[in-house]
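Student: One letter stands for each residue in the lines below.
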Amino acid sequence: MVYRDLLLALRRRSDVATALLFFVIVASLFPLGIGAEPSLLRSIAPGVIWVAALLSSLLSLGRLFANDYADGTLEQMLLGGAPLGVIVAAKALAHWLIAGLPLVAIAPLIALQYDLPAHLYGVLALSLLLGTPVLSLIGAIGAALTLGLRGAGVLLSLLVLPLYVPVLILGAGSIEMVAAGLPPGGLLLLLAALLVGATALAPWAIAAALRISME
Amino acid sequence: MNWYIWGSYAVTFALLFLEVLLLIKRARETKA
Amino acid sequence: MNATVKWFWYASPQTFFPLAGTIARWCGIGAAVLAGLGLYIGFFVAPTDAQQGEVYRIIFIHVPAAWMSMFLYVMMAFWAALGLAFSTRLSGMLAAALAPTGALFTFIALWTGSLWGKPTWGTYWVWDARLTSELILLFLYLGFIALRAAIDDPRRADRAGAVLAIVGVVNIPIIYYSVSWWNTLHQGASVSFTKAPSMAATMFAGMIVMALAFWLYSIAVSMVRVRCAIREMSGERG
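Chains as they are written, first to last, in this note's numbering: chain E, 411 to 625; chain D, 3 to 34; chain P, 5 to 242.
Chain E extracted, bound-state conformation:
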């Protein structure tokens, strides 16, 4: 299932590239709007990177179920024998591999632009690694609920962004902790706890939402 989604995504490579490019562009806009004062940039960098990651993840959510819904594959998955919770978990995982993992890879580049000290790169990568899967899981609930509705894109952002708040706070906060010379362990543990909780609960909610949307 994960493999299949990845293959499909590879065939539409431009989609993945667009989300990634969006992430980079949003992050590059802030210095243009705020000014290139290095100390200022350094202090806003964690927040900017995380907000850009949130928006970029949101951008690709709309396609999570839409293509399978349009060509009828989703209906067959619902009727098929495999438990729906596992299927949707696989789809969320695929979404993360396509939309989340590349962000982790490219974030150091943006950190470079913002003149972030080198010792923050580790916690930046780790927080993104723990946080972006939560974004995919929570976002998938919203994507399943808004499936096939008019104006689904805007609605999706209204539903999902408030729920992203804890991830944003913990993710950006852990980087700021290290920047302030404090250990980020507690926050990263909380972020990991969010990931565990979301992995346990979100597939159930996604499956329920999909069943409702597909009736």
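Possibly wrong hints are sitting among the right ones.
Looking from chain P toward chain E, a few residues come up when the C-beta cut is under 8 Å (computed) [what the hints assert, rightly or not]:
| hint | residue |
| --- | --- |
| 1 | W129 |
| 2 | A133 |
| 3 | I140 |
| 4 | L144 |
| 5 | G147 |
| 6 | I155 |
| 7 | R163 |
| 8 | L168 |
| 9 | V171 |
| 10 | V173 |
| 11 | I176 |
| 12 | I178 |
| 13 | I179 |
| 14 | V183 |
| 15 | A204 |
| 16 | A205 |
A short list of chain P residues far from chain D (calculated; beta carbon distances all over 10 Å) [stated by the list, open to error]:
| hint | residue |
| --- | --- |
| 17 | T19 |
| 18 | R29 |
| 19 | V37 |
| 20 | L41 |
| 21 | Y44 |
| 22 | A85 |
| 23 | P104 |
| 24 | P123 |
| 25 | W131 |
| 26 | D132 |
| 27 | P177 |
| 28 | S184 |
| 29 | V225 |
| 30 | V228 |
| 31 | R231 |
| 32 | C232 |
Just so you know, the hints here were simulated from the structure itself, not pulled from any lab data.
Just so you know, even glycine gets a beta-carbon here, dropped at the ideal spot from N, CA and C.
With chain E fixed as given, assemble chains D and P onto it according to the hints.
Tutor: Relative to the frame of chain E, chains D and P by itself:
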């Protein structure tokens, strides 16, 4: 009596009355 | 046994309709009376606060509105979950009927909070944990309303809204704790949040009376809204 108190109470009760008015209007429409 | 039968009997929209009318009437009257009493206590009985002067009188609507905003969301999620579990049509209607009132009280809590903040803290808005959580709560309400509005099929609207409300109610404590942690990290030095140490009994009474008035108001309004929804549903069928 300053504007902070006045503004709080006026807006609160104005909004509650507005909700009631809209609701009465909707109730009339559904009855017809 | 008899009681359960009766509960499910009232769960049918047609039998609930007249009951909702009676509840709405009495709760509406009660809300008006208690609101008058609350205003009287708030403005004439409660003494002027030693530290804040007159402006603290905003507390009589601010605090009850904030209570209602949170309580109504939980009630909404409760009815939504019940509707999802027993697929009773009425539960979804109740959840939908509570949402606009909940959003309204959330807005009122934010509005009065900022008007209270200006004279006491010197600013209309601070990124305090409670204010920020309340703002996010407003977004959750609006998301619920927007999702229902976007779905044409009422059954799908009920159930999709229910999933969203349950996800939201699981998230509220997480949001609150993350925001309050974040707030202690970013605490501005100029603002202090210490309340007056002791609250006069009359002040407390005024708050409780006002909270009861808001309670009855919410019940009355949502009952009328449910009646409208029932009428609309039977109108579509017949």
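Student: Would you check whether V171 of chain P satisfies its interface hint, that is, whether its CB is within less than 8 Å of any CB in chain E?
Tutor: Cβ of V171 of chain P sits 6 Å from chain E, so the hint holds.
Student: Under 8 Å, Cβ to Cβ, is where I140 of chain P needs to be relative to chain E, so tell me if that hint holds or is violated.
Tutor: holds (5 Å)
Student: Min Cβ distance, I176 of chain P to chain E: is it shorter than 8 Å?
Tutor: violated (10 Å)
Student: The output says V37 of chain P does not contact chain D. Does that hold with a beta carbon cutoff of 10 Å?
Tutor: holds (15 Å)
Student: May I ask you to test the interface hint for V173 of chain P with respect to chain E, counting a Cβ-Cβ separation under 8 Å as satisfied?
Tutor: Not OK, violated: V173 of chain P not within 8 Å of chain E, min 11 Å.
Student: Hey, does C232 of chain P actually stay past 10 Å from chain D on C-beta?
Tutor: violated (5 Å)
Student: Taking 8 Å as the limit, does the beta-carbon of L144 of chain P come near enough to a beta-carbon in chain E?
Tutor: With a closest approach of 5 Å, the L144 of chain P hint holds.
Student: Checking a non-interface call: every C-beta of chain D should be farther than 10 Å from the C-beta of A85 of chain P. Is that right?
Tutor: holds (25 Å)
Student: Under 8 Å is the threshold here; is the Cβ of I178 of chain P close enough to any Cβ of chain E for the hint to stand?
Tutor: OK, holds: I178 of chain P within 8 Å of chain E, min 5 Å.
Student: Going by Cβ atoms, does L41 of chain P stay more than 10 Å from chain D at every point?
Tutor: holds (15 Å)
Student: Non-interface claim for D132 of chain P: all C-beta distances to chain D beyond 10 Å?
Tutor: Label holds. Min Cβ-Cβ 18 Å, cutoff 10 Å.
Student: Can you verify the interface hint for W129 of chain P: is its Cβ closer than 8 Å to any Cβ in chain E?
Tutor: violated (17 Å)
Of the hints listed earlier, those the structure fails to meet are numbers 1, 2, 10, 11, 15, 16, 23, 24, 29, 30, 31, 32, in rising order.
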